[in-house]
Every structure is written in structure tokens, then in C-alpha cells.
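Asks: Top to bottom, those sequences are chains A and B.
Count along the first sequence from 1, add 122, and you get the number used in this note's numbering.
Count along the second sequence from 1, add 37, and you get the number used in this note's numbering.
You may find that some hints are simply not true.
[Unchecked claim] Examples of chain A residues lying across from chain B (beta carbon under 10 Å, computed):
| id | residue |
| --- | --- |
| 1 | Met150 |
| 2 | Thr300 |
| 3 | Gln334 |
| 4 | Thr337 |
| 5 | Tyr339 |
| 6 | Glu362 |
| 7 | Ala364 |
Simulated from the structure, these hints should not be mistaken for lab results.
The beta carbon of each residue, even a glycine, is placed where N, CA and C say it ideally should be.
Listed here are the chains, written in short residue letters.
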Amino acid sequence: MSEHLYKYLRTETFPTPFCAGCGHGILMGVILRAIDELKLDFKKMVFVSGIGCGAWIPSPHFKTDTLHTLHGRPVAYATGVKKANPELKVVVISGDGDLAAIGGNHLIHAARRNVGLTVICANNSIYGMTGGQLSPTTPKNTKTMTTVMGNPEEAFDLCKLVKACGAKYVARYTVFHTKPLIKAIKTALNTDGFSFIDVVSPCPTQYGRRNQLPTLYDMYAFIKNRLVHFDALKKYKKEELAEKIIIGEYRDED
Amino acid sequence: MIGMAEIRLNRKWCKGCGFCVEICPKDVYTRDTKVSPRGFQEIIIKNPERCIECFLCEYLCPDLAITIIRTQHPINKETLPNDL
Ligand SMILES: Cc1ncc(C[n+]2csc(CCOP(=O)(O)OP(=O)(O)O)c2C)c(N)n1
Ligand SMILES: [Mg+2]
Numbered sequence: 123m124s125e126h127l128y129k130y131l132r133t134e135t136f137p138t139p140f141c142a143g144c145g146h147g148i149l150m151g152v153i154l155r156a157i158d159e160l161k162l163d164f165k166k167m168v169f170v171s172g173i174g175c176g177a178w179i180p181s182p183h184f185k186t187d188t189l190h191t192l193h194g195r196p197v198a199y200a201t202g203v204k205k206a207n208p209e210l211k212v213v214v215i216s217g218d219g220d221l222a223a224i225g226g227n228h229l230i231h232a233a234r235r236n237v238g239l240t241v242i243c244a245n246n247s248i249y250g251m252t253g254g255q256l257s258p259t260t261p262k263n264t265k266t267m268t269t270v271m272g273n274p275e276e277a278f279d280l281c282k283l284v285k286a287c288g289a290k291y292v293a294r295y296t297v298f299h300t301k302p303l304i305k306a307i308k309t310a311l312n313t314d315g316f317s318f319i320d321v322v323s324p325c326p327t328q329y330g331r332r333n334q335l336p337t338l339y340d341m342y343a344f345i346k347n348r349l350v351h352f353d354a355l356k357k358y359k360k361e362e363l364a365e366k367i368i369i370g371e372y373r374d375e376d
Numbered sequence: 038m039i040g041m042a043e044i045r046l047n048r049k050w051c052k053g054c055g056f057c058v059e060i061c062p063k064d065v066y067t068r069d070t071k072v073s074p075r076g077f078q079e080i081i082i083k084n085p086e087r088c089i090e091c092f093l094c095e096y097l098c099p100d101l102a103i104t105i106i107r108t109q110h111p112i113n114k115e116t117l118p119n120d121l
């Protein structure tokens, strides 16, 4: 990452705790670039995360207030922070297991209540930290530590869920879409109300290793072949979309 | 000849995932042949003069370890990879 962004980091905590080739590091850089481009006052921002590898993105690396909270509860803590001091920009950055499995209820109700938060889900479609168990977002037919024959279930589309709950801005990109992702994060940070971005972040160590994709580049090639843009959804049948990754901004259906 | 971009690699932060080697459209980086005491093949900046300042490596380095300092020379947009 460009050295001019080092001012946002506690450089003494580096290198990151992530494995070689972890997408969470790319996401960390992208979030900082979006904040830098918006020229936000970093000291007026609070980053809240739960437990998991994704939760390590802001904490302890960001040089501002961070809350590293209980597993599944970052959205609840963040709601408290926002209610106590509405002037703060409160951003939740956490994993898919944290936000969608154990913390699923907090997510849907924060969206329903339209709490002024930005939630960024570092979605590696697995429980990375605890050894690679199945998560609600694991794609159909892929292998994890707990589904060695392949996942028989369809993945949860978190964007669709949060959108249905009334979120004001919802988008999904992969960490490789750096430019559109920066734009989406900027829009989310400027949104008045609840905004949610699902970021597909590859985990070569726990997910890739079990699916013959041991490096970040293998994961990149795999993800690239599965992308479908939200605007092109009508061209596909429902069964065809089961293994696809929908990217773009989720707009209201007409 | 176009001016040369300065490529800075923060070796203390790099974990040697090698994504820069694979993503670079101009073959600027390569891996060392032997494994370093840190347990991976260190990244070598083999052809810095080939850099077209597309910034793919800087944006996509998972360890935030690469910084590209632009030359003053305007770059040719057509040489940029446009699949991302
Ligand atoms: C109450 C509770 N239950 C279970 C755990 C064990 N645990 C720690 S991290 C984790 C999953 C994290 O997955 P995710 O949020 O997707 O983060 P990732 O590591 O994949 O980035 C689990 C189940 C815990 N710490 N606390
Ligand atoms: Mg995860």
C-alpha cells in the first residue's frame, strides 16, 4: 500500500497476523484508500469488530478508536456507540461467520431499525480462524473441513437479506475490484442510514487448500469465472446462479 | 525511454505470497530460487524498468508492502490491463 497511507496505521503492529495471500489485507488497504479519498477525520471514526480473522482488519492496525468485541456482537456494540455519540462515523468490519452466523440477528435488526452504521463483511465464505468450518456463505458444492464431500446447501446471499430488511445502501464486490469497491465504500460512508457491503475476500489457507486453490492467484482465477453483475441477473436462470457470485450495487427491484 | 517508476518493497511486511509476481502484466517481479531463513521464497524486483505504473501490485498486495512512486512521464493508458 502506498506509504502515504501509513499515517492511518499503527505500523508497530505490522506485519499483519494474516496468512500469506489472505484477502483481508487487500480489504484493509482498500478501506483506508476510501477514507483517504473522502478526507474524513479519522479520529472521529470508530471501528468495531467481533471475533475472527476478518475482525483483525481494523484492530489493532487502525490508528484510531477500535472496539474488538464479543463473537457475533459487533453490530450491537456499534449501535450503542452510535446512539451515545451520533457525531461519530461508526464502521463495523468483521467476518461472514461473525456477522451472518452467530451475529445474524443483530445484522437484520440493525438494518430494519436503520441504525446509522456502515457494515463491511469480510466474506471469505468460511470460519477461517477456527480451522475452516462451513459458514452460511460457503458456495454450494465446495469443500470445507466440515463438508468434506462438498457443501450440499446453497450459500446465503447477505446482500439480498439486508436489502430486504430495509438497508439504505447495499453492494457486493470482491477484493480484486479495488476501484469499484473504493467507490462503494465511499458511497456507504456517505449514506445516511444503514449501509452494507459484502466483500468477497479469498482464504487460500483454509478454503483454497481444500478446493485445489492453494494460492491467492488460484483463488483469483476461480472467483473471476463465477462473477455475475447485478444488472445482468435477468439473463440467468435461478439454478444457474447457485454457484455464482453476484457483484454490483443492489438496487430496489421494480 | 520512459522514466522509471520507483518500486518500494517493504520486506519486513512481505510474507512472500507472490501475488505481485502473478498479477503484474509486465513481469516486473520474480521469486528467489531458494527459500530464505524466513521460510519462503523472497520476492525480487527483477525488471523495474518495465513498470507501466498500473498500480495493480500496490492495490492488491495483501501485506500492504508495495509502494509505487510515479514518474512525471504521462503513462500510456492503452497498456493498462482493463479486466479489473
Ligand atoms: C461465542 C463464541 N463461539 C465460538 C467461537 C469460536 N470462533 C472464533 S472465530 C469463529 C469464526 C469466525 O469466522 P468469521 O467471522 O467468518 O471470520 P474469519 O476468520 O473467517 O475471517 C468462531 C466460530 C468464539 N470465539 N466465541
Ligand atoms: Mg469467514
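Asks: Run every hint past the structure and note whether it holds.
Replies: So, going through the hints one by one against the coordinates:
no. : hint   : verdict
1   : Met150 : 7 Å, holds
2   : Thr300 : 4 Å, holds
3   : Gln334 : 17 Å, violated
4   : Thr337 : 7 Å, holds
5   : Tyr339 : 4 Å, holds
6   : Glu362 : 22 Å, violated
7   : Ala364 : 25 Å, violated
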